[in-house]
Amino acid sequence: MSMRADPAFAIEIRELRKSFERPAVDGLDLAIRSGEFYTLLGPNGAGKSTTLRMVVGLLRPDAGSICVLGIDALADPVAAKQVMAWISDEPMIYDKLTPFEYLEFVGGLWGIDAAHAEARARGLIEWLGLGPHAHQRCESFSKGMRQKVALAGALVHEPRIIILDEPFTGLDTGSARQVKTVLREHVAAGGTVIMTTHILEVAERMADRIGVIARGRLIAQGTLDELRRQAGNGSSSPQNSSLEDTFLALVAEEAVAA
Amino acid sequence: MSRPGTLAWFARHEFRLAWRDWLWMATAGGRTKLRTVAIALLIFVAVMHLIAYGMVSRYAGLAVHPDKAALVAITASALLSLSLMLSQAMESVTRAFYTRSDLDLLLSSPAQAPKIFAVRIATIALSVVAMAALLAGPFINVLAAEGGAHWLGAYGAVVAMGATAAALAVGLTTALFRTIGPRRARLVAQIVAAVIGAAFVIGLQLAAIASNGTLSRYAVLASAPILALAPDAGSLVWWPARAMLGDGLALAAVLAASLLMLGAAIVMVAPRFADCAAAAAGVTRSRRPRAVAGFRGASPMETLRRKEWTLLRRDPWLVSQTLMQMLYLLPPAFLLWRSFENANASVVLLVPVLVMAAGQLAGGLAWLAISGEGPDRHGAAHRAPGGGRQDRGGDGMHCAGVCALHAGAGAGRGVSRHRRRTRHRRGCGVGDRHSALFSRPGQAQPVSPPADVVAGRDLRRGVFLDRLGRRSRTRRGRNLDRGDPRDPCRRDIGGHPPRPPAGGVGVTGSGFRRTDQSIDCMKPMGSDGSNSTHGPHPDEAARITASRRTGTGTTLPVAVLRDAQESAPQGDDR
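From first to last, the protein sequence lines stand for chains A and B.
This note's numbering numbers the first residue of the first sequence as 532 and each following residue consecutively.
This note's numbering numbers the first residue of the second sequence as -13 and each following residue consecutively.
It should be emphasised that the hints constitute simulated quantities derived from the structure, not laboratory data.
Given the structure is predicted, the values throughout are model-derived calculations rather than measurements.
Misleading hints may appear alongside valid ones.
In silico lysine to aspartate or glutamate, DMTMM-like type, Cα no more than 20 Å apart, as pairs [unchecked claim]: (1) Lys711/A x Glu735/A; (2) Lys101/B x Glu635/A; (3) Lys101/B x Asp607/A.
Isolated chain B, as found in the complex:
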């Protein structure tokens, strides 16, 4: 066994945690048998190979020294993959900076902090490579089977790209951290990560539409002007592409260069990582207080609506996520505009785009509404008898309807209906009274404000009451499962088991605790004496990563609901 305190010892520790996390996740917290998981994995791999066969087998015959058009196409694909890897790596590095997790333990120990962080940065690189290899593996295997073993060199290219992405992400995030400060760096890094991931593919699509009027990215790459601009086939620019095609020399050079880059990033950043993490711990979100004239009188409905908008506006995660979804709508909008620009009805063209936008937004908001944890809060609020028919899925749609079109909201109503059904099936759901709280469910409870001040239906309009509730609990740094369960860097540390569900679709976590504790740990700093977190709410981050639906702009409310239900808490707090 390795000696304590050495690089190998830390690596073993990280690996053990990552493996147990993965196993826990793969077996859905031990509910699924390992054999079932293995079979599912095998089926997935087989299906991926079939898909890969259909897509790339015809390219297997590509020579090690292909023509310029092929080199352009391969390089563009590699750049696309690299941008996605960079996006993933930046997210991981940001989390490593801002997540307290076990840093209190590690940094209060006499162990060498740079070693710990060197291992962590290497772990980020490894996770990026593993993810890329998992996705690219079937394609490489098919090409190798059809075209020869030289294609296996592409695995080396994937490793090189992963190392490069991790090195770039570490450098970029650290630079952001140092230039704009820890407070702004987090949001900016999140946005940069999202934009990097999306910009390249969207840019290609826009170029394709502009030149050919199609959504095909490769049409533009194969066009004469691009080929004319591209350097000669012997240029160094094509070495990564050659490495992918199995050119031994190119592969060795690309691998060596990328590993050197990663090594340099580790050597330069790891010793300063502790300082960055400590600086991140001091981050607060206090801003210069705005002069407030006083309370603005309004109806209860208006008051709640105003509060909702304020919370939405102040949620950087929601803003960046929505912006990204809008970004993905650019190509179809541009395509429509190109196709119908002479139709003298350009305003009409806005409608389908707005419908798509509203649909996406509605899906996202519905998801937020459903994933809310605070049925207890809803249940505890005064409700008129018989007022529990409408649920918060519908409330989310109300918001979306305000934002854009009824079309979007209509899509979400499906959630409402579905939820109603599932609520009956499951016995209690979001917005239901919990039997532990109410001895006689169905009766109004004497909790302020009284019914004549705020009607129950108005209160239920408050989708984000729950988010508020969770936030306030978050500030006290208690009771929350936080973070992305798939994050290989995550450390299940601190905290205690999730609160028992107060109603059907509550939020459960993965056992991930004490992430984002940076701010909580630094209680005194806010100008208002409070602490707050940046970015996605950790529960939401976990959920969104788990479903990967909203992030890719393919939110189907029912699917989201299913996700929420599947991950609803099962056990009790002990």
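Bound-form chain A, shown alone:
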């Protein structure tokens, strides 16, 4: 893998802009530290997914810069993609492949040595409880199993950064717990996780820092307490407010300001 000197920031975004028929991302600045669990919150249509899709190279920004572990992702997208994994809300797996074949394919896409990839794939399959289904085609799998296969695909090439878009949508409790464990362990091992979610409880419990995006801009960022302080200006008991209250207050402030 093309590892550079370990920079302080896993992702550094400056003045990022993307318009479709109206601005979707409007001068966004965002810096996510290495080894951090970062959650992006925002109302529907705020620009979360568009931002992340630009980071992983699925969309080209109109303006701005994106640095991934010190690599300019727009100038050298291949090197940037090498250290990232992207998991969207719909698990990206092939119905007609088995989990084992899928992991082999993903390993090949990232240019991982076959023997190393196979050993890692076997380990992941066991770890995620996919052992009995390793050689069954994914077409009959439940959403939870699909998400686990996708997660295994993301981990098989040992990325430094995992980026997830709404990973818990439609997962049952057991599967969600397992995905959370995987993500926590990735962070514990020094990796970075960036995730969008609408499940505020997940953000509250798991994230080191939370960023709130509205109208394509980062309107607030920090730990839960920092966000509460920011949202609580003038409110009666900001320290006791939930993330939900905090989030709604921040978004409402932004709407008033706009």
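Once you've looked at the hints, dock chain B against the given chain A.
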């Protein structure tokens, strides 16, 4: 084994998926034994050879250097085939642009995107060639058996035509994409593909009718003016025809030219394909909002009817499909007009054409009604006790009746009756209450709106309630099997197994997932904050391709119903 990331490695991956897809489709999802499929295939091939023998054996003696009339006829046939191949290839290329499928995975990986797309374009060419070879094969074999091995050169001509069609389709679609933008390009490409496929044959028929008063296309080709206009027998124009007849030099030249064209298309388009796909991902259908005066008060029946018309009008697939069916009606209409133009009753001539049009439209709408997924939605709506006698097949006919004539609608009533029978046989059908939803089927359920606001029969008039239901689910990007199961480019990716059927004739998919996710992936873009899809509803696209009935204008409601039932879901969601 090939090294990961190389062209051969991607080709192997594509081939493996295509083969498994084909096998799955051929064995109806594993329900049919492979041996049965092989036997059926053999029988099909044998029958095709018999048909071919009856049709073309008398031409087997055609010399390698025939006269001008034969060259004109062969070239016209080749052009006809090419236009059909082009139509098929354009459809595939459009789908490749707009289908997210596995592009998220591939484009977020450090693999070389141009290699992936080069393989995909080659796959489109191969699939076009394979389809053409399958259809033309029996004819070529019969000609070779009767007239000599030189006829086998026609296989080379088929390959050349497939490569040319794929190259043209790639060029045409990319040009459309760049000139009119990704949003409009999809609909236009669909219409162009349909028109290209139909225009040549219809044009020939119209010319034949105008000159000879017959539907025979070849009559006009053999006419003196055409032969006089055609270039000399030695002209380059006839090289494709000569290639088909087994002229080695012509075949080599035509093959080389077509493969060069395909190669050029791949080299030029593959590196930009990722950009096009990314642009397609940003497509939304938001339009300039129209000023709406406010709610228009009307009776429940009128409200539902208005909603139906709005949905129909906004369904580009339905519009283009209907237009194509109408296009195929032109030759018979023209023939009637030619035959009776002096009868002083030209208005009367409209009647049979309108009857045909209404019949086709009725068939299409019946099919849509039957293929609706949302019996749960219907079941969940308030229904008066005993109101479940009439089903949606009849509702579709209601629409058709509004459109044109009772004659068309009458044809569809057969569906109604048939459905009623099958519903009893199968236990639950479209519009029935599902036992999982209703503990006491037959009783009215306390779900708004109450019976005095919208009567059950009015609600059941809403054929496209189901389409609405599916659309809304589609927007959330969940739970849908999508796309054409026969598409060799399809990638079964993402999503999860189909929802369990809530009633008899639901829509099942083929395991094709996450196509058309482009818009779903780009949640924020619509002016109303929503996403929507273009073109055929993927379930419908799968169904229509599966039956190929409506597309060819030969919709028989009962046959369509049979298709729907045969593909009704069997398994449970896990």
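Hint by hint, which ones does this structure get wrong, listed from lowest number up? Structure breaks no hint.
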